[in-house]
Amino acid sequence: MFITAASAISPQKSFRNADGFTAVPLTEGNRLVCAEPDYSSLIEPKLIRRMSRIIRMGVATAIDALQQAGVTDPSAIITGTAYGCLEDTGIFLKRMVENKEEMLTPTAFIQSTHNTVGAQIALMLKCNAYNNTYVHRALSFETALLDTMMLLKENGTSQVLVGAADELTDQSFIILERFGLFRKQPAGEGAAFFVAKASPDAAIAEVKGIRTLINPGTQQVEDAVKTLLQTHGLGAGDVQLLLSGRTADTAMDQYYNVVEQTIGNEAAVIQFKALCGEYPTSTSFALWLACNTMQGKTMPGMTNASHVRYAVIYNADKSGYHSIMLISKC
Amino acid sequence: MSAPVYIAGLGAISGIGNDVAENFRALQEGRAGLSAIRYLDTVHKNTFPAGEVKSSNEELAERCGWMGSDSRTAMLGYLAAREALDDAGINGSVAYRTGLISATSVGGMDLTEHFYPHFLANNSGGKLRQVVEHECGAVTEKMAAALQVTDFVSTVSTACSSSANAIMLGARMIRNGLLDVVIAGGTDALSCFTLNGFNTLMILDQQLCQPFDQQRRGLNLGEGAGFIVLVSEAVAKDLSKPAYAKLTGYANANDAYHQTASSPDGTGSFLAMKGALEMSGLKASDIDYINLHGTGTQNNDASESTAIRRIFGNSLPRMSSTKSFTGHTLAACGGLEAVYSIKAMEQQCLLPGLRISKPVIEEEGVMVNEFTNGIPVKNILSNSFGFGGNCSSLIFSAI
Chain V
1 MFITAASAIS PQKSFRNADG FTAVPLTEGN RLVCAEPDYS SLIEPKLIRR MSRIIRMGVA
61 TAIDALQQAG VTDPSAIITG TAYGCLEDTG IFLKRMVENK EEMLTPTAFI QSTHNTVGAQ
121 IALMLKCNAY NNTYVHRALS FETALLDTMM LLKENGTSQV LVGAADELTD QSFIILERFG
181 LFRKQPAGEG AAFFVAKASP DAAIAEVKGI RTLINPGTQQ VEDAVKTLLQ THGLGAGDVQ
241 LLLSGRTADT AMDQYYNVVE QTIGNEAAVI QFKALCGEYP TSTSFALWLA CNTMQGKTMP
301 GMTNASHVRY AVIYNADKSG YHSIMLISKC
Chain Y
1001 MSAPVYIAGL GAISGIGNDV AENFRALQEG RAGLSAIRYL DTVHKNTFPA GEVKSSNEEL
1061 AERCGWMGSD SRTAMLGYLA AREALDDAGI NGSVAYRTGL ISATSVGGMD LTEHFYPHFL
1121 ANNSGGKLRQ VVEHECGAVT EKMAAALQVT DFVSTVSTAC SSSANAIMLG ARMIRNGLLD
1181 VVIAGGTDAL SCFTLNGFNT LMILDQQLCQ PFDQQRRGLN LGEGAGFIVL VSEAVAKDLS
1241 KPAYAKLTGY ANANDAYHQT ASSPDGTGSF LAMKGALEMS GLKASDIDYI NLHGTGTQNN
1301 DASESTAIRR IFGNSLPRMS STKSFTGHTL AACGGLEAVY SIKAMEQQCL LPGLRISKPV
1361 IEEEGVMVNE FTNGIPVKNI LSNSFGFGGN CSSLIFSAI
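One line per chain: the protein sequences are V and Y, in this order.
According to my numbering, the first sequence is numbered sequentially starting from 1.
According to my numbering, the second sequence is numbered sequentially starting from 1001.
Here chain Y stands alone, though its shape is the one from the complex (with noise of 0.2 Å):
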């Protein structure tokens, strides 16, 4: 059950850039891609700045290739997963069993949120192509017709964890020699649902959030979609390109202390990194640096941090939250991320937090604040926590 797992190829869509390399270059610059919403249509859009992939749907659906009619949701999706898997040269030349296992929490809500006033008006009202993708899995399906993958199929939705979980997965099914090849990952679009949802509580900076900062006030909403393609052992020997790293280790818990706040002990996510440390078999003193979870609100930012001194005691390992580059990107956080991470190990580099002026963690250095170089990097932990208390940490290591 301990077969290695190799991270064969990446691919990513955010605010900061229509793919890996766009992201990489944001993160290293600096260059946040928070501003005033431009293409989703809401009362809201002056009100809270939100990290959109910026492209309109049109142009997403050119450069998916497709007629226009789908969720945005599933373009993100699409081009992401596309990524991952051209990155790492698997073109089905090789008839790999390979499962696609996506993550999203909104699916076509995008869509589902403009046939509503019609429907609401009148019960045969609204197009109803615009229903077509509403379940979270509809958006699945459409990006694995895409994708071209049939062995297997399968969607996540665990709130913010979602696409952690749908690595873990992938991982499992390679380990229990189930699928050789899988793109795993998650996909949210910005949606007027969601933005309403989290403006009721009260949990939305006005401003551009300062994740693990004192002053912290709340999050950004972004939107976009991070895939990463798993393989075996034997595949990653099979491609041409040697593989980026291994996924050593992972682990889903739960905090069940309330729907949505997290307990003020870190329950939930110090039972995560805990699990994962211990399958990885690394020791805490092993993780060079953490992609925080680091939404930016009050309660997430204190429970994670509480629950990190928990596990590293006094010798923290440096952190910082890209959220500050991206906002929340929902259920495609946990693959954006890993995406981040893994280029991170690749580059042997820190990715930097923006805008902290006083660190919730204080020792000197702790937290990143600038993109760093040469710095040895072995062993990231990924951090992605949600809603109904599902927390996950991912362990990837360098090979």
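Extracted from the complex, chain V is given alone in its bound form (with noise of 0.2 Å):
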């Protein structure tokens, strides 16, 4: 699966970024919030005011990485969202609650669906292609991401639009807080969408295997690492960048030390949470990086992206997720 175009809104100037970014700091305390753009050249201003942050923040991203790849008309829109539109769901809730059910407006329930994001992007491009959401938990940008790479499998001409979009509202931070979520690591959130194909030409990186795992043990997660290296001819020693999931929290230190071994020491590891917060679709995110140092882009911690041919992004979710991206360079 080759990436032609990337776009992400991140709590870091990611967005059109022409040289790299720098990283920004916490500004709400622990809750990292996305740096949002001017909108105005890539939506009608009359519709982005009807739009809820998850909404355009999905939108803008599509149309960017479209744009970006020269593409109008793409074969297919996946999105990955684990908490969907969380905006509008709490606010037709609260409405609710307070008026006892009464006198309400269908504008937040419309925009409440999971699917919304895709089918704002499709309605904006009158696109009638394949459509499609998934929204299961820390896997819900890697399921969008194996379907596509089913579509291209399926049909080898084809452009899939997809990428992964979560937002953090007041209420849901708080929600989340209480869990523990936030104790050691910000909360985080973002968009980004990418333009994928079968075909090498004008590719900016490749995503050359995903593997997901649920509730593994720590050798089956070395398993899995080594397979997806050797599949591809590579072993220890050979992957430049580990784009890591580890935050403060050390509940799951154990599997990203074992990754971290498994991957060799010539291994640059960045962990991208720190810039962009934990969310469940944070891989998206992490992949937008991985692309963005493929075009020698530099990010914090890394002054020098040159090098980079192969890079690996794993991530270790508490909730018994794992997911495992090989990526090289085009």
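It cannot be assumed that every hint is accurate.
[Unchecked claim] Partial list, computed: chain Y residues near chain V (C-beta under 7 Å):
#1 Val-1043
#2 Thr-1047
#3 His-1114
#4 Tyr-1116
#5 Pro-1117
#6 Gly-1125
#7 Thr-1155
#8 Ser-1157
#9 Thr-1158
#10 Ala-1159
#11 Arg-1172
#12 Gly-1197
#13 Thr-1200
#14 Asn-1254
#15 Ala-1256
#16 Ser-1263
No lab work stands behind these hints: they were computed from the structure.
Since the structure is predicted, the reported quantities are computational estimates derived from the model, not experimental observations.
Virtual Cβ for every residue (Gly too), placed ideally from N, Cα, C.
Two chains, each in its own frame: build the complex with the hints.
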């Protein structure tokens, strides 16, 4: 699966960044909030006003990725979102409770369904193609990529728009904080979309393979990483960059340690959640980072990226979902 | 990529029955499951009839063998998925690569909406265990744990076409050689969130719904779960009883017209049906019965019937909407209606739509008004269309 364009809105100045970026500090306590760009060149102002944050971030990154790739009519639109449209869900719930189920208006309900981002993209593009939305926790984006890989295998000429979006709201932050999720790591959010196809022309990176595991032991993770590398003729020492989902929360350290050992000391390790915060589809930001690096752009912690030929993204979510992606330069 | 995919097991729970046999009997006897709301705590309980599963949460938890703190969506889903797996005779004795692909639109919202009043009054209020299953994926995760499925687990959410898309993904994973067995379908519990949401759209019928009738006024909501077990050819040969049918065609398209309304010419539904037919290699005239999306809203039924006429011209297959029995079960409807379609094929019968006095499609005999036995049924088209323009069609064929 070759990536021809990548776009991300994140807590960093990642959107349409020409020459890499430097990390911005936490601005709102233990919460990283997306740096939203001026959307007016991408979306009609009248439409922007009606969209919640997740919708406009998702739509803007999708449109940007398509423009970069020069694609106007993608063969499929596939979205991953673990939480869905939380802002509109919260608004409708609040009004329903406060108004005791009377005198409600439809807008928030209409925009609360999980497929709203994918649907709004289709609507803006007038795109009748295959359209799907996956909502499975920390594998939502990975399932979207898996679907994309199958579509490219089923039809070699496809150009698939694939991405993920999750938003943090004041309400969801408080609830997730009560679960203790952000005690040792900042909360995050973001949207990232990619254009993928089966052939390498004009590609910036190749996703060579993805493995997902549910509640594995450390041995299974080690085996999965080794197999993924071996399948592509690689071994320890061949990977220059590990984009690691590790945070200051030590609960999953045993897994991250194993993956770092398996990949070898030659790889620079970047903990991507320091840049985007913790959220279930954060691997979409990591893939954007990998694409960025493959284009020679720098990031905090990596001032020279020109030697990076292979990168691995590894995420071990506390809910038991693990994913490993192998990316190569084109 | 065209390796056959077989259906080896069926599971269903809805307002018309707690298992496949009860559901089928109600369809046979013309008994709808729509009535005044009894289990959901809502101010609208005497205004809008609904197709509730006739069990309290405590009763469902007991049937699941669970503690009673889980989302109704997870319990309905587990019961139907468990029935489907048992029906297929797959008990873990052979190590097939097995996946669970579920679909839901509400997830654990039925519990979240009990949490919210306390949370709004005080941000440290409300019991956290009521939001543990809020996420759609958390509901599937609970089901997967109970079914002991670990190879692949995923959740689709494309509104009312969700479970048709879950079935599609399952079939494609088998065809791509990634899995041997997939339990695929969907589950949705009735919630105040959805009931009030649909009420703001003014598409709920205060009487019993009349899908594909000229006097239709809107839809009744339902709840339930429907799952089918998809298997590869090799597994189908392995199993002790013959598979029910093959999934020969499927397609997903987007109407790209409006966030909640369908286009007047039915673009999305037309493309979904056309794509499914093309994949199956069948001619339009090979379709013996259409299980309609048929929600009973002015907009859906007009758009769907227009798209059907564009595909089938003047030789229309017989068709009906079983939502006149169950109500619209949202993300579960594609799974439930897949089960109904496959049962109709097994029993060689046509399932009726209820309460039709002036059919939208007026040609004599096209709308099935009563249960009809002894009809050769080889190919069935099942439609599921939803919000966000998401349209999917499935074709089941006799083996």
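Comparing the hints with the structure gives:
{"no.": "1", "hint": "Val-1043", "result": "holds (5 Å)"}
{"no.": "2", "hint": "Thr-1047", "result": "violated (10 Å)"}
{"no.": "3", "hint": "His-1114", "result": "violated (10 Å)"}
{"no.": "4", "hint": "Tyr-1116", "result": "holds (5 Å)"}
{"no.": "5", "hint": "Pro-1117", "result": "holds (5 Å)"}
{"no.": "6", "hint": "Gly-1125", "result": "violated (10 Å)"}
{"no.": "7", "hint": "Thr-1155", "result": "holds (4 Å)"}
{"no.": "8", "hint": "Ser-1157", "result": "holds (4 Å)"}
{"no.": "9", "hint": "Thr-1158", "result": "holds (5 Å)"}
{"no.": "10", "hint": "Ala-1159", "result": "holds (5 Å)"}
{"no.": "11", "hint": "Arg-1172", "result": "holds (5 Å)"}
{"no.": "12", "hint": "Gly-1197", "result": "holds (4 Å)"}
{"no.": "13", "hint": "Thr-1200", "result": "holds (4 Å)"}
{"no.": "14", "hint": "Asn-1254", "result": "holds (4 Å)"}
{"no.": "15", "hint": "Ala-1256", "result": "holds (5 Å)"}
{"no.": "16", "hint": "Ser-1263", "result": "violated (10 Å)"}
Going through the hint list in order, the structure does not satisfy hints 2, 3, 6, 16.
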